[in-house]
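K.L.:
Single-letter residue listing:
Protein chains: 4
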Amino acid sequence: MRLFARFTQGELRLTRIEAFSDGVFAIVVTLLVLELRVPVLKDHASVAELAHALIELAPKFVSWLLSFIIVCKFWLNHHHVLGLARHADYGFVWLNSIFLMFQSFIPFPTALMGEYVGNPLAVSIFGAVFALNTLLFIALHAYVVRRLIKHDHAAGRDPHEILKGFIEPASYLLGAAAAWLSIYAAFAIYFITPLFYITPPRERGHAPA
Amino acid sequence: MRLFARFTQGELRLTRIEAFSDGVFAIVVTLLVLELRVPVLKDHASVAELAHALIELAPKFVSWLLSFIIVCKFWLNHHHVLGLARHADYGFVWLNSIFLMFQSFIPFPTALMGEYVGNPLAVSIFGAVFALNTLLFIALHAYVVRRLIKHDHAAGRDPHEILKGFIEPASYLLGAAAAWLSIYAAFAIYFITPLFYITPPRERGHAPA
Amino acid sequence: MRLFARFTQGELRLTRIEAFSDGVFAIVVTLLVLELRVPVLKDHASVAELAHALIELAPKFVSWLLSFIIVCKFWLNHHHVLGLARHADYGFVWLNSIFLMFQSFIPFPTALMGEYVGNPLAVSIFGAVFALNTLLFIALHAYVVRRLIKHDHAAGRDPHEILKGFIEPASYLLGAAAAWLSIYAAFAIYFITPLFYITPPRERGHAPA
Amino acid sequence: MRLFARFTQGELRLTRIEAFSDGVFAIVVTLLVLELRVPVLKDHASVAELAHALIELAPKFVSWLLSFIIVCKFWLNHHHVLGLARHADYGFVWLNSIFLMFQSFIPFPTALMGEYVGNPLAVSIFGAVFALNTLLFIALHAYVVRRLIKHDHAAGRDPHEILKGFIEPASYLLGAAAAWLSIYAAFAIYFITPLFYITPPRERGHAPA
Chain A
1 MRLFARFTQG
11 ELRLTRIEAF
21 SDGVFAIVVT
31 LLVLELRVPV
41 LKDHASVAEL
51 AHALIELAPK
61 FVSWLLSFII
71 VCKFWLNHHH
81 VLGLARHADY
91 GFVWLNSIFL
101 MFQSFIPFPT
111 ALMGEYVGNP
121 LAVSIFGAVF
131 ALNTLLFIAL
141 HAYVVRRLIK
151 HDHAAGRDPH
161 EILKGFIEPA
171 SYLLGAAAAW
181 LSIYAAFAIY
191 FITPLFYITP
201 PRERGHAPA
Chain B
1 MRLFARFTQG
11 ELRLTRIEAF
21 SDGVFAIVVT
31 LLVLELRVPV
41 LKDHASVAEL
51 AHALIELAPK
61 FVSWLLSFII
71 VCKFWLNHHH
81 VLGLARHADY
91 GFVWLNSIFL
101 MFQSFIPFPT
111 ALMGEYVGNP
121 LAVSIFGAVF
131 ALNTLLFIAL
141 HAYVVRRLIK
151 HDHAAGRDPH
161 EILKGFIEPA
171 SYLLGAAAAW
181 LSIYAAFAIY
191 FITPLFYITP
201 PRERGHAPA
Chain C
1 MRLFARFTQG
11 ELRLTRIEAF
21 SDGVFAIVVT
31 LLVLELRVPV
41 LKDHASVAEL
51 AHALIELAPK
61 FVSWLLSFII
71 VCKFWLNHHH
81 VLGLARHADY
91 GFVWLNSIFL
101 MFQSFIPFPT
111 ALMGEYVGNP
121 LAVSIFGAVF
131 ALNTLLFIAL
141 HAYVVRRLIK
151 HDHAAGRDPH
161 EILKGFIEPA
171 SYLLGAAAAW
181 LSIYAAFAIY
191 FITPLFYITP
201 PRERGHAPA
Chain D
1 MRLFARFTQG
11 ELRLTRIEAF
21 SDGVFAIVVT
31 LLVLELRVPV
41 LKDHASVAEL
51 AHALIELAPK
61 FVSWLLSFII
71 VCKFWLNHHH
81 VLGLARHADY
91 GFVWLNSIFL
101 MFQSFIPFPT
111 ALMGEYVGNP
121 LAVSIFGAVF
131 ALNTLLFIAL
141 HAYVVRRLIK
151 HDHAAGRDPH
161 EILKGFIEPA
171 SYLLGAAAAW
181 LSIYAAFAIY
191 FITPLFYITP
201 PRERGHAPA
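Residue numbers (the working numbering), protein chains in the order written: chain A, 1 to 209; chain B, 1 to 209; chain C, 1 to 209; chain D, 1 to 209.
Keep in mind that the hints were calculated from the coordinates and are not lab data. As the structure is a computational prediction, the values presented were derived from the model and not from experiment. Mixed in with the good hints there might be a few duds.
Claimed, not checked - Cβ-to-Cβ under 10 Å is the rule here; a few derived chain B residues that face chain A: (1) I106; (2) A122; (3) A142.
Beta carbons are placed, not taken as given, at the ideal position from N, Cα and C, and that holds for glycine.
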């Protein structure tokens with residue numbers, strides 16, 4: 001209980017938390033490209049061999065694209081949620097750090113799915129990791145709404161806002177399950193899911209931050 | 001149509017978008033050096049062998065230099081365009097994210113051209129990627145000018161400003177085409193193209209931001 | 001002595017030091033994931049082989065988790081200490097740079113322990129590096145308290161605050177020693193130690209920065 | 001001449017230039033650790049083999065340490081020089097970009113010297129790259145002093161300030177030359193040189209920025 005009490009202390013400015021988070025987001029999306037390794041050719045000058053090797057990289061390009069879009073979606077929603085908070089306490093800092101930890105983990109399942117696109121375990125791990133990331137983000141959002149919300153934002157909130165958010169991790173888990181039946185179905189679900197959350201929920205009667 | 005309407009919402013401060021973008025730009029230019037791998041020598045103490053190995057790295061140094069300069073040019077123009085906007089909406093954020101996605105892709109064609117400089121496909125992919133990046137930047141610029149421009153900048157604008165910008169991607173594509181005839185011609189075009197856009201267009205009668 | 005005098009000069013704004021430090025922290029935690037390499041499979045489609053390979057990565061996942069949490073703890077406490085300072089002098093900048101140097105070193109012992117979890121030397125180096133990092137942080141903290149503290153924070157300070165901090169490096173060294181008897185004991189100590197310092201010490205009668 | 005005139009245009013805020021530069025500095029120093037690869041052991045549990053392998057990494061540790069300290073020195077002096085400027089023009093942005101390009105190059109000569117410490121060419125390239133970086137920094141400094149200096153800093157300046165700076169690149173080149181006679185002499189010079197420039201020059205009668 002004393003440990004819990006310590007987390008509710010602290011009154012940190014949001015600027016350094018934003019700077020640290022933006023750094024992690026920016027590095028994660030940029031590191032994704034490191035998995036796109038230059039293919040090894042026998043004949044360096046062969047156009048046909050290079051074209052063939054690049055086509056074989058297609059699953060890696062698709063994984064990269066998916067992860068980039070989803071991390072940007074997280075970044076935008078993170079921006080929105082921090083805009084709702086009046087300051088941060090230590091509990092928020094640690095929730096945010098654990099959220100960022102799993103954001104920084106994303107290059108691993110991305111590379112795994114890109115490498116073993118025909119392996120249902122690799123494809124379903126991708127969905128499971130994004131489901132976990134979304135759950136952590138919902139926890140962050142809920143923490144801000146319950147404890148740190150700006151006073152002028154507290155009134156007009158949709159009470160089901162947090163609850164609605166659970167559709168997203170459920171959808172990623174559906175994709176993860178679908179991977180065992182059809183890789184294509186899993187990819188389709190992974191592509192469609194972020195589109196529904198591509199902008200933060202509308203604020204009612206408030207100028208968003 | 002409802003999806004489109006959501007993009008015109010949002011009124012985000014530009015500071016975090018700048019921070020995220022600057023992070024991506026900074027990481028992209030710095031990651032480029034990772035492709036300059038230390039050569040493997042048989043005789044560790046041999047000056048002649050090391051000198052020979054470094055000379056063989058020349059195409060990688062040239063690719064690195066080209067990409068560094070062009071990304072800095074994008075950064076400077078990005079800075080200029082964000083200085084024209086009064087705020088950002090979700091449409092801008094997503095256009096910017098897609099632009100940054102292809103900026104973060106740049107280490108791949110840079111490494112590809114550095115590795116297979118004698119392969120016309122590798123050299124022309126480099127030009128094609130920069131043409132795509134320039135087109136995305138033009139879209140970003142046009143979006144700001146049409147929807148988000150600061151009121152005191154709206155008046156004195158050159159109506160052909162956006163149109164003139166298309167010369168740049170056309171020039172990169174010309175270089176990509178030239179690669180099939182002469183690698184040297186392609187490199188020359190890749191070098192000259194950014195020089196014409198090395199500073200943002202002059203503002204008429206306004207102190208630039 | 002003249003060299004020493006130069007260090008007490010300078011009156012730098014803290015914002016760029018924060019930006020540089022936050023950049024290093026953010027990159028360190030995100031680079032940690034690069035050690036989690038995609039395993040090489042003989043049969044790309046084999047679920048059993050992939051599951052087995054991922055289980056074998058467990059020590060790397062644990063090392064990654066530990067280092068991530070500890071670096072975040074450093075970040076939070078660094079944030080706290082910079083909040084106490086009214087400005088920075090060159091001595092602070094250099095102490096901070098040396099602290100960041102060993103923060104940026106963390107991916108190496110993390111990878112070493114992840115790779116050779118059964119090697120007591122690898123496991124004890126991990127603890128020794130974190131002990132060194134904590135000592136450097138204590139030096140940074142002491143420097144701020146003695147030379148740069150904000151006037152309204154100077155009064156109510158716990159005179160044993162710095163001294164208490166030495167428990168933490170001692171505990172990491174205990175873990176490093178325990179590694180020679182039992183790897184599990186070392187891991188347990190490495191996990192428990194940061195939990196006691198997971199929030200900065202309470203300020204007495206001051207709104208923390 | 002028209003190209004030159006364009007460079008003197010522009011009146012950019014320094015904040016984004018600082019953010020981009022700080023990003024590059026932070027990434028460069030942190031990437032340096034990636035060259036410290038975990039050694040490959042035959043017997044994973046052998047303490048003696050691991051100890052031996054780590055001792056063999058000593059030249060890489062020394063190279064890493066040297067580069068980290070020197071890049072931090074550049075960061076601190078860069079901070080100082082930007083504090084003298086009232087704003088930036090396009091010429092400054094491009095000089096800064098070229099300076100950052102060679103800062104981002106530093107991991108390559110660092111890795112080269114770490115790998116081939118017994119090769120005089122590898123050791124002298126290290127010194128040559130730092131000489132080049134210092135010359136670019138002097139150019140940046142001179143540009144600010146001649147064109148962009150804050151009005152209240154312009155008066156009390158030491159007219160030989162820029163000239164004195166040339167001792168530093170000369171010293172790195174001396175180290176590069178010494179590498180052909182004795183590796184130890186070169187290392188000694190590389191270590192001593194940055195110590196003389198470890199703090200920016202004293203401002204006369206001005207509160208430094």
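K.L.:
Give me the numbers of the hints this structure contradicts, sorted from smallest to largest.
P.N.:
3
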